[in-house]
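**Student:** Generate coordinates for the entire structure from the input sequences, incorporating the hints supplied.
Numbering-wise, the sequence shown is residues 1 to 314 according to full-length UniProt numbering.
In case anyone wonders, no lab produced these hints; they're calculated from the structure. Some clues are possibly wrong.
To be verified - Taking CB as the label site, the calculated pair distances span:
1. N99 with A45: 49 to 57 Å
2. A54 with R209: 49 to 57 Å
3. L119 with A45: 42 to 50 Å
4. L119 with Q257: 56 to 64 Å
5. L61 with G150: 27 to 35 Å
Keep in mind that this is a model prediction, so the values were computed, not measured. Backbone N, C-alpha and C fix where the C-beta goes; we use that ideal spot for every residue, glycine too.
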Amino acid sequence: MSTHTTPRAARTPQAAEIPAARKRAYAPARGQRARRPRQFTSKAAVHAVLVVFALYTLMPLTWLVIASTKNYRDLFATNPFALGDLNLVANLQALFAYNDGIYARWLGNTVLYTVVGSLLSTLISVACGYAFDKYRFRGKEKLFGLILVGILVPATVTTLPLYLLFSEVGLTNTYWAVLVPSLVNPFGVYLARVFSEGYVPGEVLEAARMDGAGELRTFRSVSLPMLAPGFMTIFLFSFTASWNNFYGALMMLSDEQLYPVNLGLYAWMKNVYQQPELYPLVIIGALVAVVPLILAFLGLQRFWRSGLTAGAVK
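**Tutor:** Below you can see the structure in the form of structure tokens.
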């Protein structure tokens, strides 16, 4: 039995023409140069824009750090970005010694308003968002829509009505006047529902219920650990908002012993023309007030990054 083999060129006469046709199709026309993508130019432009934004963001903080090393005379007699006589330690000692250490009390008040208020607000928001996601009840979507409307209302609009309500029950000029309004966080409820949809599978809850766990235990032992990235993300939002809450404290408080840091520095700033020695204290006090925010974001950034990507991949 003999087999007849056909030569490759005779078997596929069009094979040699296909590569040549492809080359002609992708080859540039005569007299034209192949255009290279301008990757280097576009990357350089993006990097230049990022550098400009980074400088714009870091310049005030840089000035604050440098100004904290100067005394009152050097603040106005030297270049704004030139180091002074390195009086940072002396300025810190003067800051915490002025007026019987009132700044330390302001700092403690701010920690109370921020940490306690943010933890309670985050817990309430996570519980509400979890309930909106996992439970069915009458009017759920309408109620959730009402909460979304609350996101659109600025906090400054509700401050005066809250002041009138608190004055009726005698809670103005107390710690509760600042703590209670910070517990309501419509945006946190919205985020918590999104996190619950992305992090807590319904099958896990059904398995926990079949094992005899009640709803509170299921939420505490099963759902809440799964919602840890979302919890920390909402906590950081609440922490930042509470730490920078100036207008609410300004409306509610009149006793300087209850002031947070930002309101206390504002009170000092109003008196710098009568008391010029307060100027270095205001600057070093602002720097000390910024440090906890920086430490919070640096310490919790892994939760922040994982929380921001919640629901991105199904």
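**Student:** Does each hint hold? Answer for all of them.
**Tutor:** We went through each hint and held it up to the structure:
1. N99 with A45: 49 to 57 Å: 52 Å, holds
2. A54 with R209: 49 to 57 Å: 50 Å, holds
3. L119 with A45: 42 to 50 Å: Since L119 and A45 have Cβ atoms about 44 Å apart, the given range 42 to 50 Å holds.
4. L119 with Q257: 56 to 64 Å: 23 Å, violated
5. L61 with G150: 27 to 35 Å: 33 Å, holds
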